[in-house]
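Asker: Sequence:
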Amino acid sequence: MTMESPINPAFRRDEAKMHTFEYLASYNLQSRFFMGYYSPNILNAVNQPPPDMSSKTGDSPVLWIASNCDAWSGRHHYVRELMKYINVDSYGTCLNNKPFPDGVSRDELMSQYKFYLAIENSNCDDYVTEKLFDTFQLSTVPIVDGPPSYDSFLPNARSAIHMDAYPDPRELADYLHYLDQNDTAYLEYFSYRNQDIDLQQRVSEPFLNNWGDWERFNNKSGWCGICRGVASWWQARHNMTTMDYPRDMGQYLRTDQSCIPEGKWDYVQQGPPYIPHWKPTLPDEFTRPWIKKRLPLYQQPGGLGDNGMSIRTMWGVYTLLYILFFVFVAMLLYTKRRRHQ
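Letter by letter, the sequence shown follows residues 1 to 341 of full-length UniProt numbering.
If you're looking for bench data, these hints aren't it; they were derived computationally from the structure.
Everything numeric in this text was worked out from a predicted model, so none of it was measured.
Hints are not guaranteed to be accurate.
To be verified - The calculated lysine to aspartate or glutamate pairs, modelled on DMTMM-like cross-linking and capped at a C-alpha distance of 20 Å, are:
no.: 1; residue 1: 84; residue 2: 213
no.: 2; residue 1: 84; residue 2: 266
no.: 3; residue 1: 84; residue 2: 14
no.: 4; residue 1: 56; residue 2: 134
Based on the provided sequences and hints, a complete structural model is requested.
Answerer: Right, here's the structure in full:
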């Protein structure tokens, strides 16, 4: 059993070691037994009314609480840069800039902020922790970075902001500033709580399939679910007439190689222009539809960087200089040869 990503318990990436187990209990939805951070209690958050904006009294629009400043993904590099362009209150030991207030719980603190950085320490399939679950319970819009797909964990596609759609933290800050100043636009991220619309229409099918049935969840989850699930297998194993009872070696016992390589956000340390080594997703700024879907600054033809010159223009200038240099050298060699004839 493990609730950690495969980065930490290395045996999850070791095929030989994984084949010594009969069953897997983990956060991964493909596990034989689910031991994760989500449960059908998430539907309580879906059926709440939208938040009262008067409760959003945080000193800054964005909150982050994290202790690990050496995450596999390098997330802290991005947060450090984001802090240059928008106020982010960090109460954890990583990038701390605020003392944790006395007499206030973590949940009370989170509920006061409009946005929470629910970013995981690694990017692996289905690895979503309590960070995201809590944002929905506490009526805060999550800014997420974690598994490649959040389909099973978000009420709908427009209930969170994806950090990897903003490889340039300046652009994420710009959008957050807009939402911070526009309550109507901000509340659009809580459309999944619109009680005038049937539940099946306001939440996604994968989300409802995973968390909409308590009986099915209980049969597969927790220690009781594990005991019920392995009872028949355990009895068969100790029955001398069935000692060759086959182990269940399905897909859920596969070695997990889904985590992306270390250092997803390391490139941000170089400063602007922020150029990732991976392909960003397009931002879905549905709250301001007059803004056309745009490429990141570094991909825009003729887009300006901090030095007033686009990446395309810079490469063009360098190429031209190289050509002129080689032409100059060729002319020198040609002139020298003519003199010796």
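Asker: For the pair supplied as a hint, residue 56 and residue 134, is the alpha-carbon distance within the 20 Å limit?
Answerer: Given pair residue 56, residue 134 holds - Cα atoms ~16 Å apart, limit 20 Å.
Asker: Regarding the pair residue 84 and residue 266, is the alpha-carbon distance no greater than 20 Å?
Answerer: holds, 17 Å
Asker: Would the hint linking residue 84 and residue 14 be met if the CA-CA limit is 20 Å?
Answerer: Violated. Residue 84 to residue 14 sits at ~41 Å, over the 20 Å cutoff.
Asker: Given the hinted pair residue 84 and residue 213, is their alpha-carbon gap at most 20 Å?
Answerer: violated, 44 Å
Consistency with the previously given hints fails for numbers 1 and 3, ordered from lowest to highest.
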